[in-house]
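Top to bottom, those sequences are chains A and B.
The opening position of the first sequence corresponds to residue 5 in the working numbering, with each subsequent residue numbered one higher.
The opening position of the second sequence corresponds to residue 5 in the working numbering, with each subsequent residue numbered one higher.
Quick caveat, the hints were computed from the structure, so don't treat them as lab data.
As the structure is a computational prediction, the values presented were derived from the model and not from experiment.
Treat the hints with caution; some may be incorrect.
To be verified - With a cut-off of at most 16 Å between alpha-carbon atoms, the simulated EDC-like pairs for lysine to aspartate or glutamate come out as follows:
1. 164(B) / 36(B)
2. 80(B) / 36(B)
3. 80(B) / 115(B)
4. 39(A) / 28(A)
5. 201(A) / 175(B)
6. 201(B) / 175(A)
Protein chains: 2
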Amino acid sequence: MTTAIIGTGNMGAGLARALVASGEAVALGARDPAKATALAAELGALAEGGGIAAAVALADVVVLALPYGAHAETLKLAGNLQGKVIVDISNPVTADFQGLAIGHTTSAAEELQALVPGAKVVKAFNTIFAGLLGAEGRKGKVLQVFVAGDDAGAKAAVSKIATAIGFEAVEAGPLSNSRFLEPVGEMNIQFGFFLGKGPVVAPAWISV
Amino acid sequence: MTTAIIGTGNMGAGLARALVASGEAVALGARDPAKATALAAELGALAEGGGIAAAVALADVVVLALPYGAHAETLKLAGNLQGKVIVDISNPVTADFQGLAIGHTTSAAEELQALVPGAKVVKAFNTIFAGLLGAEGRKGKVLQVFVAGDDAGAKAAVSKIATAIGFEAVEAGPLSNSRFLEPVGEMNIQFGFFLGKGPVVAPAWISV
């Protein structure tokens, strides 16, 4: 199974690297196809790179590794998304990263779903700093990835990807729970960037 | 140092019990003073109980162990709150506990602060289920309590209380971070009540 990853920034490259390291194939797509091609060349035989629609066409699961603000414009370049699982890893942060631009009655994930009604949006990875996507960055620790969405099959597919790269996938309810998970992501940014812990923390729900 | 606890429900009684078990004095207050008196009698010599203003007058730190919706009316019965540290443990949940009634641009803690401008509101304990307040309920595990507020001294006082009863107090930034911590509390309710984990979970920020 090939996973499409749209975006070659820290999160996109980190996820691609982790998937390839786990023996999974990735199709990288970027607005500038040369960037995706170059990253694919670096990652080796399990990766290919090019334009956004080309990557989307190769996969059932498409990770949007983009800032929230880039979703709408990027989707216009994505071709047919009908039936695709789209993974939203974003937090709709304000420009200073200190707050969220939207919330409470909506979420980035729900706004994305409204843009692509024929696709199945799944929220995941929004509480994981890019540097912790690879096993070496996590020092082998198993971190939790919270998986929210309205389609059980789509969530299972995303959970499988999270598990493949060494995370614990945690069922987090319907997509509307992104209204809570995105503030969890922002609190993670607060701890990592503004409260001195550094981008080496992650939230976990622990059972007594 | 005596801690005032307003409210004799699960959270108020649980906090009072944990404090007394750790050798701390508590002054319990309730709209029905007989309830506070009865709980105090059960807790022994370190506890006293009565009306709300009487409990408030005995302590520098006042825990409002009440639902968010009861804050405004209860404060009218609290007497002089000038300079007091007021601990807001609430999540402003909707009637079905599935969502939050307010958020994003405000929080229960900030609304409370607006009601009592001369007091120092601190957010804490909103991610801890009542059954986990006592050491035996936690099976000895050290859980994290996120402490947010705008006054460093007030946060230190609340952190001291959290530590006294066996929690790790985690500095969580300004009171406005309650906009993120209350959704963390709601996500905790989602996991505990609606996603099958039971009210024996708590969020923690772990460092790699």
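Verification of the supplied hints:
1. Proximity of residue 164(B) to residue 36(B) is assessed by CA-CA distance (about 29 Å); at most 16 Å being required, the pair is judged violated.
2. A threshold of 16 Å between alpha carbons decides the hint, and for residue 80(B) with residue 36(B) the separation of about 14 Å falls inside it, so the pair holds.
3. Restraint check for residue 80(B) and residue 115(B): the C-alpha separation of about 15 Å stays at or below 16 Å, so the hint holds.
4. For the proposed pair residue 39(A) and residue 28(A), the alpha carbon gap of about 20 Å is over 16 Å, so the pair is violated.
5. With a CA separation close to 10 Å, the supplied pair residue 201(A) and residue 175(B) stays within the 16 Å bound.
6. Distance restraint check for residue 201(B) and residue 175(A): the Cα-Cα separation of roughly 10 Å lies within the 16 Å cut-off, and the hinted pair is therefore satisfied.
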